[in-house]
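Novice: The chain contents come next:
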Amino acid sequence: MRTGTSLIQIRGLSKVFQSSSGDVHVLEDINLDIKQGEIFGIIGMSGAGKSTLVRCLNFLEKPTQGTVFFDNQDLSALSLKELYKIRQSMGMIFQQFNLLMQRNVLRNVCFPLEIAGIKKKEAEERAYELLKLVGLSDKAHAYPSQLSGGQKQRVAIARALANNPKVILCDEATSALDPATTQGVLALLKDINNRLGITIVIITHEMSVVEEVCQRVAIIDNKRIAEVGYVKDIFTKPTTDAARRLVFPEGKRVEHFTGNRCCRIVFDGSSSFEPVIANMVLEFRQTVNIIFADTKNIDGKAFGQIVIQLPEDKLMGEKMMAYLRNRGLTVEEVHDFV
Amino acid sequence: MFDPVVVKMLALGFLESLYMTLISSVLAYVIGLPLGIILVVTDNGGIKPAPGLNRVLGSIINLLRSVPFLILLITVIPITRAIVGTSIGPTATIVPLVIGASPFIARLVETSLKEVDKGVIEAAQSMGASNFEIIYKVMLPEARPSLILGAAFSVTTILGYSALTGFVGGGGLGDIAIRYGYYRYQTDIMLITVVLLVIIVQVFQEIGMRIAKLSDKRK
Numbered sequence: 001m002r003t004g005t006s007l008i009q010i011r012g013l014s015k016v017f018q019s020s021s022g023d024v025h026v027l028e029d030i031n032l033d034i035k036q037g038e039i040f041g042i043i044g045m046s047g048a049g050k051s052t053l054v055r056c057l058n059f060l061e062k063p064t065q066g067t068v069f070f071d072n073q074d075l076s077a078l079s080l081k082e083l084y085k086i087r088q089s090m091g092m093i094f095q096q097f098n099l100l101m102q103r104n105v106l107r108n109v110c111f112p113l114e115i116a117g118i119k120k121k122e123a124e125e126r127a128y129e130l131l132k133l134v135g136l137s138d139k140a141h142a143y144p145s146q147l148s149g150g151q152k153q154r155v156a157i158a159r160a161l162a163n164n165p166k167v168i169l170c171d172e173a174t175s176a177l178d179p180a181t182t183q184g185v186l187a188l189l190k191d192i193n194n195r196l197g198i199t200i201v202i203i204t205h206e207m208s209v210v211e212e213v214c215q216r217v218a219i220i221d222n223k224r225i226a227e228v229g230y231v232k233d234i235f236t237k238p239t240t241d242a243a244r245r246l247v248f249p250e251g252k253r254v255e256h257f258t259g260n261r262c263c264r265i266v267f268d269g270s271s272s273f274e275p276v277i278a279n280m281v282l283e284f285r286q287t288v289n290i291i292f293a294d295t296k297n298i299d300g301k302a303f304g305q306i307v308i309q310l311p312e313d314k315l316m317g318e319k320m321m322a323y324l325r326n327r328g329l330t331v332e333e334v335h336d337f338v
Numbered sequence: 001m002f003d004p005v006v007v008k009m010l011a012l013g014f015l016e017s018l019y020m021t022l023i024s025s026v027l028a029y030v031i032g033l034p035l036g037i038i039l040v041v042t043d044n045g046g047i048k049p050a051p052g053l054n055r056v057l058g059s060i061i062n063l064l065r066s067v068p069f070l071i072l073l074i075t076v077i078p079i080t081r082a083i084v085g086t087s088i089g090p091t092a093t094i095v096p097l098v099i100g101a102s103p104f105i106a107r108l109v110e111t112s113l114k115e116v117d118k119g120v121i122e123a124a125q126s127m128g129a130s131n132f133e134i135i136y137k138v139m140l141p142e143a144r145p146s147l148i149l150g151a152a153f154s155v156t157t158i159l160g161y162s163a164l165t166g167f168v169g170g171g172g173l174g175d176i177a178i179r180y181g182y183y184r185y186q187t188d189i190m191l192i193t194v195v196l197l198v199i200i201v202q203v204f205q206e207i208g209m210r211i212a213k214l215s216d217k218r219k
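Protein sequence lines, in the order shown, are assigned to chains A and B.
In terms of my numbering, the first sequence has 40 at position 40, counting the first letter as 1, and numbering is strictly consecutive.
In terms of my numbering, the second sequence has 116 at position 116, counting the first letter as 1, and numbering is strictly consecutive.
Hints listed in this document are in silico derivations from the structure and should not be mistaken for laboratory results.
You may find that some hints are simply not true.
[What the hints assert, rightly or not] Computed list of lysine-lysine pairs in BS3-like fashion (alpha-carbon distance at most 30 Å, straight line):
no.: 1; chain 1: A; residue 1: 121; chain 2: B; residue 2: 137
no.: 2; chain 1: A; residue 1: 120; chain 2: B; residue 2: 118
no.: 3; chain 1: A; residue 1: 81; chain 2: B; residue 2: 213
no.: 4; chain 1: A; residue 1: 119; chain 2: A; residue 2: 139
no.: 5; chain 1: B; residue 1: 8; chain 2: A; residue 2: 120
no.: 6; chain 1: A; residue 1: 223; chain 2: A; residue 2: 132
no.: 7; chain 1: A; residue 1: 132; chain 2: A; residue 2: 119
no.: 8; chain 1: A; residue 1: 166; chain 2: B; residue 2: 213
no.: 9; chain 1: A; residue 1: 190; chain 2: A; residue 2: 223
no.: 10; chain 1: B; residue 1: 48; chain 2: B; residue 2: 118
no.: 11; chain 1: B; residue 1: 213; chain 2: A; residue 2: 223
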C-alpha cells in the first residue's frame, strides 16, 4: 500500500438542493484530502449526505460551493468535454450494480472502453483480462440477470477498472450483498488496491466494512465531517458523538461503561459460532464482565461485536486477548469511553 | 361472391392496407421516436432538463392526440394535397396517418425510455459518456424490448386508423368494407375484410411480442 500525495482534495464543498419547500442543505463546508494509493472510507448514517458527497467527487453532482481537485485539476474549471475525459480515470461502482441488463458481461466491461474510443478487438482483449482478474472468465457471455449479486458487483468492478482509473469510488457497494459475499468483494477491492495501487474511496454506513479494508476514515454526520483519522484510532478512541454512535451502534449503553480495561472483540464471520467467551472463562478460570454484545449467527458464522471488561490483572488480560486472537477474532483494547 | 373480380379486389385492398400501414408506421417513427427521446431527455429528471421545451412539446403532442382521428383526417386534406397532389388513395392516406400516429408514438417511446433504470444512466455518466452516447448506447438498447412491443402496438393501431380512412376514399380494406359492406349492404364482403384485418393485427402483434421476448435478456 503505497500512499503519498493527495489525489483528491475537497475544498469548502457545500451542496444545496432546491426543492418546492425551499433549499435543502445536504453538505456544508466539507474539506478532505484523499491520498494516492489509500483505501479511504466515508461513513455516516443514512441521510448524512455521503452519497451526494461521492457524486461530487466526479461531478455527477455539481457542488453549490467549493470545489474538488482531482489529480491537481480543479474539476469546477473544466469544460464538459474535459470532465467526460477525466471521469474515464475515475471508476465508480454502485449499491445496485447498475449493469446494462441487455448486454452480456463481456460487453458490459467493454462499455467504458467504447466510450473512451478504444477499438473493439482491443477492448475485448482488455475485458477478458479484467474478467480474469475478478474471477469471472467463464461468465463472459452470460447476461447480468443470470448472475448472483456478488458476481454482478465483480462485473461492475471489472467495468470500473477498464480504463485504468486512478481511483474507484464505491457507493454503498456492499450494502445489497450478504455478509459472505461482502467479504469476497472487499477482499477483491483490497487486492486491486494492493496490486494495482489504485486509490479506493468507500462510502458506507457499515462500520464493519471500514474496519475490514480502510486505512483512513471520515465520519460524516449532519452534513459535516465530524472526524477524520486512521481507522484504528477512531475505533479505539472515538472523540465525537458521531464516531461513538458508529463504533457502538447502541449508543446509550456506551455511556454506562466504567473501568478502564476493556476489550472489544469483533466477529467478522471468519470464526464459527461457538461460545468463545464462555470457553475462555473456563480455560482461564477468571470471570469477565460483558459490557456490550451484539452478535448474529449467519450461516453458522458469527458476526458482530462484544465488549468485555478484562480482569484487573494485566497479564491475565493480555493472555485473554491472545486467546481470542488465536480464535481468529479481531481484538483490541479500548478505553476512555463516555 | 367469390368471383375473380371480388377476390382480386380484396387482394388489392389487403396489399394496400399493408402498404399504408407499414409506410406510415416507418414515417411516424421517424418523427415520433426523436420526439419521444426529446421528451425524456428534457424532462425534469432527464439527462438534459429543459422545462420550457418539454412543456411546449408536451402540449403540442397532447393537442394533436386529443383531436379525433376522423376530424384530423379531414382537417389535413389541404396538407395532403400539397404533399401528394391528391387527397384520395392509399398514398395520400399516409399523410394523415403519419400526423395522427407520430404524437402517440412519441408518448409510447417516452414511456418505454422512462423505464430505463436511472442508476444505469448514472453509471454511464460516471464513465464519461456524453448525453448522445447515453441515448444511443444506454437508453435505446436497454429499452429495446419495450420499444418493440410499443412498435407492434403502433402498427396495429395505425392499421385500425387506415381502415377508418375508407370514409374519405383512402383505399385498402377499410375502403372496401365501407363501400361494399356499409353502402351496399354486402355483409359477406364486409365480414371478409374484417377477418383479413383481424389476421393482420394478430400477425403483427404476435411477431412483435415474440421479437420483444427473444430480445429481452433480463430473464
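Novice: Run every hint past the structure and note whether it holds.
Specialist: Hint check:
1. A threshold of 30 Å between alpha carbons decides the hint, and for residue 121(A) with residue 137(B) the separation of about 18 Å falls inside it, so the pair holds.
2. Distance restraint check for residue 120(A) and residue 118(B): the Cα-Cα separation of roughly 26 Å lies within the 30 Å cut-off, and the hinted pair is therefore satisfied.
3. Under the criterion of a C-alpha separation no larger than 30 Å, the hint pairing residue 81(A) with residue 213(B) is inconsistent with the structure, at around 38 Å.
4. A threshold of 30 Å between alpha carbons decides the hint, and for residue 119(A) with residue 139(A) the separation of about 22 Å falls inside it, so the pair holds.
5. Taking the CA atoms of residue 8(B) and residue 120(A), the gap is about 53 Å. The hint is violated against a cut of 30 Å.
6. The hinted pair formed by residue 223(A) and residue 132(A) fails the criterion: a straight-line CA distance of about 40 Å is larger than 30 Å.
7. Distance restraint check for residue 132(A) and residue 119(A): the Cα-Cα separation of roughly 20 Å lies within the 30 Å cut-off, and the hinted pair is therefore satisfied.
8. At roughly 40 Å between alpha-carbon atoms, residue 166(A) and residue 213(B) are farther apart than 30 Å, so this suggested pair is violated.
9. Our distance criterion of 30 Å between C-alpha atoms is met by residue 190(A) and residue 223(A), whose separation comes to about 28 Å.
10. At roughly 13 Å between alpha-carbon atoms, residue 48(B) and residue 118(B) fall within 30 Å of each other, so this suggested pair holds.
11. For the suggested pair residue 213(B) and residue 223(A), the alpha carbons sit about 46 Å apart, so the restraint of at most 30 Å is broken.
Against the hints set out earlier in the document, violations occur for numbers 3, 5, 6, 8, 11.
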